[in-house]
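When you get a sec, could you build the whole thing from the sequences and use the hints?
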Amino acid sequence: MKDVNDLIGRQFKSGGRGPDVYDCYGLVREVYHRHGIDLPDYSIAADACQQIEGQIEEEKTSGKWIQIDEPEIPCLVLLRCHVDFVQHLGVYVGAGKFLHIREEKEKGVVVNRLDDPLWKKRFRGFWEYVQ
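So the sequence shown is residues 7 to 137, counted in my numbering.
Don't read these hints as lab results, they were simulated from the structure.
Source: prediction; values computed, not measured.
Incorrect hints may appear among the rest.
[Stated by the list, open to error] Straight-line distance between alpha carbons at most 16 Å, and here's what the computed EDC-like set of lysine to aspartate or glutamate pairs gives:
(1) Lys113 <-> Asp26
(2) Lys103 <-> Glu76
(3) Lys70 <-> Glu134
(4) Lys70 <-> Asp44
(5) Lys103 <-> Glu78
(6) Lys19 <-> Glu109
[Said to hold, decoys possible] Restraint-style ranges between C-beta atoms, simulated for each label pair:
(7) Asp47 <-> Gln17: 18 to 28 Å
(8) Arg130 <-> Glu110: 12 to 22 Å
(9) Lys70 <-> Pro123: 28 to 38 Å
(10) Asp47 <-> Asp121: 29 to 39 Å
(11) Asp26 <-> Asp75: 32 to 42 Å
(12) Ile74 <-> Gly42: 10 to 20 Å
(13) Ala101 <-> Glu134: 17 to 27 Å
(14) Asp26 <-> Glu76: 32 to 42 Å
(15) Gln73 <-> Gly100: 14 to 24 Å
(16) Gly114 <-> His39: 17 to 27 Å
(17) Glu109 <-> Pro25: 15 to 25 Å
(18) Gln17 <-> Arg40: 14 to 24 Å
(19) Asn11 <-> Gly42: 13 to 23 Å
(20) Asp75 <-> Arg119: 17 to 27 Å
For every residue, glycine included, the Cβ atom is placed at its ideal position computed from N, Cα and C.
Written as structure tokens, this is what we have:
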């Protein structure tokens, strides 16, 4: 996590693209950028993250996103916070952990374990961006 420690605690803002505030996709873009990968920007607010799954599926068909079984640093972590759709995402940072941003409870950018009971039941898969 050496490349992302300075992001811990940054605050949430819907549509935030940094450098001081982020939404979940803005945070993902920042981490990928630090790894030399510039992701396309989707004009979405964090409270509309359910759109991301459909957009990723569109990118997947054009060869940009592929679902992977084993996580790599960085890869997208999709999370379902509601029964019917993905609403949240983060970035895998190694050792079974992912970086993401919360607007409630733990506020701001945090690191959590994927095997935490809260996140384990919400996990929808790992995705890799292919340039």
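These are the hints, each one checked on the structure:
1. Lys113 <-> Asp26: 14 Å, holds
2. Lys103 <-> Glu76: 13 Å, holds
3. Lys70 <-> Glu134: At roughly 8 Å apart (the allowed maximum being 16 Å), Glu134 and Lys70 satisfy the hint.
4. Lys70 <-> Asp44: 12 Å, holds
5. Lys103 <-> Glu78: 11 Å, holds
6. Lys19 <-> Glu109: 8 Å, holds
7. Asp47 <-> Gln17: 18 to 28 Å: Given range 18 to 28 Å: holds, Cβ gap about 20 Å.
8. Arg130 <-> Glu110: 12 to 22 Å: 20 Å, holds
9. Lys70 <-> Pro123: 28 to 38 Å: 32 Å, holds
10. Asp47 <-> Asp121: 29 to 39 Å: 31 Å, holds
11. Asp26 <-> Asp75: 32 to 42 Å: 36 Å, holds
12. Ile74 <-> Gly42: 10 to 20 Å: Between Ile74 and Gly42, where Cβ atoms are some 19 Å apart, the hint holds.
13. Ala101 <-> Glu134: 17 to 27 Å: 18 Å, holds
14. Asp26 <-> Glu76: 32 to 42 Å: 34 Å, holds
15. Gln73 <-> Gly100: 14 to 24 Å: 19 Å, holds
16. Gly114 <-> His39: 17 to 27 Å: For His39 against Gly114, whose Cβ atoms are near 19 Å apart, the range 17 to 27 Å holds.
17. Glu109 <-> Pro25: 15 to 25 Å: 18 Å, holds
18. Gln17 <-> Arg40: 14 to 24 Å: The hint (14 to 24 Å, Cβ to Cβ) holds, given that Gln17 and Arg40 are roughly 19 Å apart.
19. Asn11 <-> Gly42: 13 to 23 Å: 18 Å, holds
20. Asp75 <-> Arg119: 17 to 27 Å: 19 Å Cβ-Cβ, so the 17 to 27 Å window holds.
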